[in-house]
Amino acid sequence: MSELVELPVDRVLEEFFERGWTDGLPVVPPTPEAVAAMVAASGSAPDDVVGGIPRRGRSVTVEEAAVNAVMAGCRPDYFPVVLAALGAALDPVFNAHAAFTSTGGAATCVIVSGPLAAEIGMNAGANALGGGNRANATIGRAVRLVARNVFGAASGDMDASSLGNPGKVSLCFAEAEPPAPWQRLAVRQGFAETDTTVTVIATEGPRQVANHLSEDPEGLLRTFVATIATPAIFSVGKGQQGVVVLGPEQALALHQAGWSQRDVAAFLARESRVHPDQLLAAGVPLEVDSAHDMTPGPDGLLPTLASADDVVVVTAGGGGPGWSAYLPGFAPAQHSRAVTRRVRLPDEALPDCGPDACEVDLSTFRRPAPASPAAGAAR
Amino acid sequence: MTATIRVHRPTPVVPDPIPVDVAARGAAGERPLRIGLVDNGKPKARELLVLLAEELAARVPVASTHLVSKPSAASPLDDAEADALAAASDVVVTGLGDCGACSACSLQDALLLERRGVPATVLITDVFVAHVNRFAGVLGAPGYHHLVVPHPVATKTPEHLRMLARGAVDASLAQLTAVGVEVGVR
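Residue numbers (our numbering), protein chains in the order written: chain A, 1 to 379; chain B, 1001 to 1186.
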């Protein structure tokens, strides 16, 4: 159980600031009652381990996550989403050890896809990437408070971010229902229509993509390419992942022109490849003799998005003249990749062996016989 | 009387890491050294490490230089890679720690070698001294040594890199061998 401290009521917020326990904003005091309510909403035991960073010798329990979720301002019904996001961020493929430390200053971008997002009041519409929605703001913030308070991701501790970006405080949004027959991200990844997933990817800040005058699908996507292949982005020419957030007008234009979401990803991956001269013209030398292989392919081009599979295409945002967004991964894909986890609801039976979990053959486990019927019943 | 409130502390008590027992240093020149280098793939890292090995060879007998290049600077060696390098090396230099994740992982590489009984050190740029010192504490080696060159390295010419290597060779010998200078965890 996490340690309890007793603080003067009129000083509690100041104490949290002074002890370095906040992200610079006020927090909700994590009282035992509030933390217990958060844990109860997860259907897990307080001491269950959510995940860890073995290279730091640190892990986080459900209760420790709940403490930080309370501080972030989460309602208990958000907590299963927070736990799924933490599970994804602590998957070795995400490489939190690097993403929480790099000078690149990555945000932990959390994308929620599925019916639970609307049920808990998440925003996928106007201002999806902005403020004003408690669930969006506090789920993303809870993940970052865990990174800070449990895994040392703070300046002066183990976060070496040069500038950081505002998304490091919180960057979380829900996917809007795409126009049929387009499918939600979760369904495209093989999850059921009834499932809700959380996709976590370490990103730079969002770039707004504006094209208010065209419904031509190639023209629209070339506008994205102009942003995606900007030489000033660290991983251009080095094969990264990225998130493409299609606003409603642009999603509809692409959809009505007969493009699938996969077509969009494939086009963007193909067309965002750059010629070395584009980088050199922007004053960016090619890396030579480094782990980032910048040897052009047979076509003379270098990949910006590693492949079509490395483009996370989602819909979000409110109606308007035609705004979308692009969030570049903070580093080439060999260092960190997006990870998706299904949200486990509190009333769901364990073990969870869905497509987001490892398959465990329980027949290979030996169960000790209970010492007595009474002892067995007490289990 | 001031009213109080009980709250959970959000920063868990972290168990002490398993301390790193720094490997015993042999006398420089005792026998030709097999030098291991862990290149993390950062720009100019391999070049600077190889130049440092050449400068070491100009000062002490060197039997061989074994270079390992990692596919990602943001991950340390795995156990099998560390085992293989330990078997092939008498001393190891890792680097280049010129960013947040890569300096932490290059430090970790050096400590993986120390845990296997091979004297090691990590080559970093000056900006990351405090960062590496914090990670050293987290990883069970508070006060662990490092070789420091001025930041940045990635933009430097071969001639400048040679100068940096020359400037780091005395500290390398002090940290990797027993030359009468205190080495290792202080």
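Think of the hints as simulated: they come from the structure by calculation, not from any bench.
In this text the structure is predicted, and so the values were computed from the model without any measurement.
Just so you know, even glycine gets a beta-carbon here, dropped at the ideal spot from N, CA and C.
Hints may contain errors.
[To be verified] A short list of chain A residues far from chain B (calculated; beta carbon distances all over 12 Å):
#, residue
1, Arg55
2, Ala98
3, Ala160
4, Pro231
5, Phe267
6, Glu348
[What the hints assert, rightly or not] Stretch by stretch, here's where chain A covers chain B in the computed footprint (C-beta under 8 Å, at least three residues):
#, region
7, 1021–1035
8, 1056–1062
9, 1089–1097
10, 1114–1123
11, 1145–1151
12, 1162–1171
Verification of the hints:
1. Arg55: Label violated. Min Cβ-Cβ 6 Å, cutoff 12 Å.
2. Ala98: violated (4 Å)
3. Ala160: Check fails; 3 Å does not lie beyond 12 Å.
4. Pro231: Per Cβ check, Pro231/A is outside 12 Å of chain B; nearest 16 Å; holds.
5. Phe267: It holds; Phe267/A is separated from chain B by about 28 Å at its closest Cβ, greater than 12 Å.
6. Glu348: holds (26 Å)
7. 1021–1035: Since three or more residues must qualify, the claim that chain A covers the region 1021–1035 of chain B is violated, with 0 doing so at under 8 Å.
8. 1056–1062: violated (count 0)
9. 1089–1097: violated (count 0)
10. 1114–1123: Violated: only 0 residues of the region 1114–1123 of chain B have a Cβ under 8 Å from chain A.
11. 1145–1151: Result for this restraint: violated, n = 0.
12. 1162–1171: violated (count 0)
Comparing the model with each numbered hint stated earlier shows that hints 1, 2, 3, 7, 8, 9, 10, 11, 12 do not hold.
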